[in-house]
Amino acid sequence: QKEVEQNSGPLSVPEGAIASLNCTYSDRVSQSFFWYRQYSGKSPELIMSIYSNGDKEDGRFTAQLNKASQYVSLLIRDSQPSDSATYLCAVSRDNQGGKLIFGQGTELSVKP
Amino acid sequence: NAGVTQTPKFQVLKTGQSMTLQCAQDMNHNSMYWYRQDPGMGLRLIYYSASEGTTDKGEVPNGYNVSRLNKREFSLRLESAAPSQTSVYFCASSERVPDEKLFFGSGTQLSVL
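Listed in order, the protein sequences are those of chains A and B.
Anchor point for the first sequence: position 93 equals 102 in the working numbering, and the numbering is continuous, going up by one each time.
Anchor point for the second sequence: position 16 equals 89 in the working numbering, and the numbering is continuous, going up by one each time.
None of these hints come from the bench; they were simulated from the model.
Each statement offered as a hint is correct.
Calculated pairs, DSS-like style, for lysine-lysine (alpha carbon to alpha carbon, straight line, at most 25 Å):
1) A:Lys11 with B:Lys174
2) A:Lys11 with B:Lys130
3) B:Lys174 with B:Lys130
4) B:Lys174 with B:Lys144
5) A:Lys11 with A:Lys76
6) B:Lys174 with B:Lys82
7) B:Lys130 with B:Lys82
8) B:Lys174 with A:Lys51
9) B:Lys130 with B:Lys144
10) B:Lys82 with A:Lys51
11) A:Lys120 with A:Lys51
12) B:Lys174 with A:Lys65
13) A:Lys76 with A:Lys65
14) A:Lys76 with B:Lys174
15) B:Lys82 with B:Lys144
According to the in silico footprint, chain B covers these stretches of chain A (three or more CB under 8 Å from chain B):
16) 52 to 65
17) 112 to 121
The structure displayed is predicted, hence computed values, not measured ones.
Cβ coordinates follow ideal geometry from the N, Cα and C atoms, glycine included.
Please model the entire structure based on the sequences and the hints provided.
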C-alpha cells in the first residue's frame with residue numbers, strides 16, 4: 010500500500026462546476042497536509058495547507074481533513090480552464106524533519 | 074526575483090557517466106531538498122539539508138551524493154549514471170524544518186542512455 014494515494018485521473022469537469030480531488034494516507038502519525046498544483050512541464054506550487062480536522066477555505070479552494078478516516082480532499086469551486094493541471098497531495102510526519110511524502114497526483118481537466 | 078535556480082535544464086548522459094546538478098536559492102532559506110519525479114510515481118525525496126553543514130537521506134538516496142556548499146547552494150551528484158536515474162529532478166527550499174512550504178526550481182530533465 011502506498012503511503013499517500015490519489016486517483017491518477019484524468020478527472021474531467023465542465024467549466025463552472027465543482028472539482029473534487031481526494032487523497033488517503035496510511036501513516037496515522039501524519040501531522041501536516043498539503044496540496045500542490047503542477048502545470049504540465051512546470052514545477053509544483055503550493056496552493057493549500059491544512060493541519061487540523063475540518064475545512065479550510067481560500068478563495069475558490071477548500072481543503073478538508075479527516076484524520077480519523079485518514080482522508081484529505083481539495084474542492085475547487087467555479088472551476089476554470091486555467092485550473093487544468095495535476096494536483097499533488099503531500100503529507101508530512103513532523104518527527105521526520107519536515108520531509109514530504111507525495112501522492113502520484115490527479116490530473117484535472119476543466120472543459121470550457 | 075530568481076527564487077530557486079537549477080542548472081542545467083536538460084541533460085543526456087551515457088550509462089556510467091557522472092554529472093552534478095546545481096541548485097541555488099536567493100530567499101535566505103535554511104532548508105534545501107532534491108526530489109525526483111517519475112511518471113505515475115509522484116515526487117520522491119532523494120536528499121535534504123535542514124541547515125548549512127547538514128545533509129540527510131530521503132526515500133531514494135542510492136546512487137546519489139549531495140553537497141551543501143553554503144546556505145545558498147545545494148548540489149546533487151550522480152557518480153555513475155544508470156538508466157533507472159532517468160527522471161525529472163527538482164530542487165526545492167523552505168525557510169526552516171519542519172516547514173513543508175516548499176519553493177521549487179524549474180527542474181532538470183535527465184536522460185541516461
